[in-house]
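Between the sequences and the hints, there should be enough to build the whole structure, so can you do that?
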Amino acid sequence: MRQAEQADVRIAAGDVQPLTGVPMVLKDNMITRGVRTTCSSRMLENFVPPYDATVTNRLYEQGAVLVGKGNLDEFAMGSSNENSAFHPTHNPWALDRVPGGSSGGPAAAVAADECMFALGSDTGGSIRQPASLCGIVGMKPTYGLVSRFGLVAFASSLDQIGPLTNAIAGNDPNDSTSLSVDMPTIRRRSEDLKGLRIGVPVEYFGEGLEAGVEGAVREAIDVMRSLGAEVEETSLPSTRHALAVYYIIAPSEASANLARYDGVKYGFSVQDADGVWDALEKTRQFGFRARGEAAHNAGDLRTVGGVLRRVLRAGAAREDADPARVRAGVHAV
1 MRQAEQADVR IAAGDVQPLT GVPMVLKDNM ITRGVRTTCS SRMLENFVPP YDATVTNRLY
61 EQGAVLVGKG NLDEFAMGSS NENSAFHPTH NPWALDRVPG GSSGGPAAAV AADECMFALG
121 SDTGGSIRQP ASLCGIVGMK PTYGLVSRFG LVAFASSLDQ IGPLTNAIAG NDPNDSTSLS
181 VDMPTIRRRS EDLKGLRIGV PVEYFGEGLE AGVEGAVREA IDVMRSLGAE VEETSLPSTR
241 HALAVYYIIA PSEASANLAR YDGVKYGFSV QDADGVWDAL EKTRQFGFRA RGEAAHNAGD
301 LRTVGGVLRR VLRAGAARED ADPARVRAGV HAV
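When we follow UniProt numbering, the leftmost residue of the sequence shown carries the number 1, and every step to the right adds one.
Treat the hints with caution; some may be incorrect.
Here are the computed lysine to any residue pairs in the SDA-like style, where the Cα-Cα straight-line distance is at most 25 Å [unchecked claim]:
#	residue 1	residue 2
1	Lys-282	Ser-269
2	Lys-194	Ser-235
3	Lys-265	Asp-278
4	Lys-265	Gly-275
5	Lys-265	Asn-174
6	Lys-282	Val-48
7	Lys-282	Ala-259
8	Lys-265	Val-48
9	Lys-194	Arg-218
10	Lys-265	Arg-284
11	Lys-265	Phe-286
12	Lys-194	Ile-221
13	Lys-194	Arg-225
14	Lys-265	Arg-33
15	Lys-282	Asn-257
16	Lys-265	Asp-175
17	Lys-265	Trp-277
18	Lys-282	Glu-45
19	Lys-282	Ala-153
20	Lys-282	Ala-256
21	Lys-194	Asp-222
22	Lys-194	Thr-234
23	Lys-194	Pro-141
24	Lys-265	Lys-282
25	Lys-265	Glu-253
Simulated restraints, written as ranges between beta carbons of each label pair [what the hints assert, rightly or not]:
#	residue 1	residue 2	range
26	Tyr-51	Ala-259	19 to 27 Å
27	Val-48	Gly-275	25 to 33 Å
28	Val-137	Asp-272	44 to 52 Å
29	Ala-12	Leu-243	49 to 57 Å
None of these hints come from the bench; they were simulated from the model.
Think of the CB as a built atom: it goes at the ideal place given N, C-alpha and C, for glycine as much as any other residue.
Listed below in structure tokens is the structure:
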């Protein structure tokens with residue numbers, strides 16, 4: 001409310017930024033000063049950061065108003081938004097269906113008109129897949145265009161925050177992986193696409209692509225060509241190795257990144273333990289659990305560890321290859 005009131009004052013004074021008063025949702029793995037950042041995990045259930053992520057700051061500078069944090073699969077490991085320590089998120093178009101993941105909360109919030117835009121993070125489809133399932137637009141930008149400073153890491157060499165506005169791109173001295181290049185400006189083209197070159201990888205039209213999806217994509221290509229764009233077939237032969245490589249990189253880097261959550265510096269910590277090693281073991285055992293104690297007793301594998309095990313198995317198998325709140329999709333701030 002404070003941000004909204006400040007926006008009203010600026011609008012009345014004529015001091016308007018591009019996003020002044022525009023409501024936004026941030027995925028709950030992006031650091032927000034004074035607002036809980038949980039990663040939908042019991043491990044960080046009560047963690048209140050002392051600083052903002054770079055993307056958070058840049059959006060505030062443009063006048064955006066944070067209305068809530070978006071639910072996700074625990075530590076962004078999942079593709080359905082069912083693996084949250086708090087509640088699953090439902091698809092606002094059909095509450096008996098999932099919104100996709102891991103950025104399912106932000107995607108559902110946009111689809112349900114809870115906000116004008118949201119930010120998610122994408123490691124291996126975590127923006128693009130829920131955007132598709134919720135009927136909205138989402139994209140993963142080129143790695144390094146958007147700062148990851150303040151994004152809780154899953155797989156550092158794959159993670160990237162998705163820009164649903166052009167206010168977040170740009171070099172950041174706090175992130176050594178951010179690119180120091182001129183940011184291209186995308187302007188609305190009201191008449192034609194002359195001068196725009198579009199490459200269409202032939203490998204993307206292979207086995208497993210549904211006919212309806214292929215038809216829609218090819219229709220969009222024809223429209224762009226009719227508007228003057230130069231469309232060329234191209235080849236990315238390494239595509240066939242992408243999934244196998246992802247299933248090696250992502251779990252390996254996740255294991256390293258999650259090692260910091262030991263209950264010593266911050267986050268969930270088991271107090272009733274017999275010595276240091278027992279405390280560490282129990283903290284990680286009970287902290288990394290998407291369903292809490294009941295799930296653990298029931299042998300539920302929907303935990304970070306369970307996700308990693310399933311990811312590794314899947315990688316081996318695929319080597320060749322009321323919705324006013326959207327059912328817990330957004331945590332109010």
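Status of each hint after checking the structure:
1. Lys-282 - Ser-269: holds, 8 Å
2. Lys-194 - Ser-235: holds, 23 Å
3. Lys-265 - Asp-278: holds, 17 Å
4. Lys-265 - Gly-275: holds, 17 Å
5. Lys-265 - Asn-174: holds, 22 Å
6. Lys-282 - Val-48: Holds, because 23 Å separates the two Cα atoms, which is no more than 25 Å.
7. Lys-282 - Ala-259: Distance ~14 Å between Lys-282 and Ala-259 Cα, so the pair holds.
8. Lys-265 - Val-48: Holds, because 13 Å separates the two Cα atoms, which is no more than 25 Å.
9. Lys-194 - Arg-218: Holds, at about 19 Å.
10. Lys-265 - Arg-284: It holds: about 14 Å lies between the C-alpha atoms, which stays within 25 Å.
11. Lys-265 - Phe-286: Since the Cα atoms of Lys-265 and Phe-286 sit roughly 17 Å apart, the hinted pair holds (cutoff 25 Å).
12. Lys-194 - Ile-221: holds, 14 Å
13. Lys-194 - Arg-225: Between Lys-194 and Arg-225 the Cα gap is close to 9 Å, so the pair holds against 25 Å.
14. Lys-265 - Arg-33: holds, 18 Å
15. Lys-282 - Asn-257: holds, 18 Å
16. Lys-265 - Asp-175: holds, 22 Å
17. Lys-265 - Trp-277: holds, 15 Å
18. Lys-282 - Glu-45: holds, 16 Å
19. Lys-282 - Ala-153: Cα-Cα ~22 Å, so holds.
20. Lys-282 - Ala-256: Holds, at about 19 Å.
21. Lys-194 - Asp-222: holds, 14 Å
22. Lys-194 - Thr-234: Judged against 25 Å, a Cα distance of about 19 Å means the pair holds.
23. Lys-194 - Pro-141: holds, 23 Å
24. Lys-265 - Lys-282: Since the Cα atoms of Lys-265 and Lys-282 sit roughly 16 Å apart, the hinted pair holds (cutoff 25 Å).
25. Lys-265 - Glu-253: Judged against 25 Å, a Cα distance of about 21 Å means the pair holds.
26. Tyr-51 - Ala-259: 19 to 27 Å: Between Tyr-51 and Ala-259, where Cβ atoms are some 22 Å apart, the hint holds.
27. Val-48 - Gly-275: 25 to 33 Å: holds, 29 Å
28. Val-137 - Asp-272: 44 to 52 Å: holds, 48 Å
29. Ala-12 - Leu-243: 49 to 57 Å: holds, 53 Å
Checked against the numbered hints given earlier, this structure breaks none of them.
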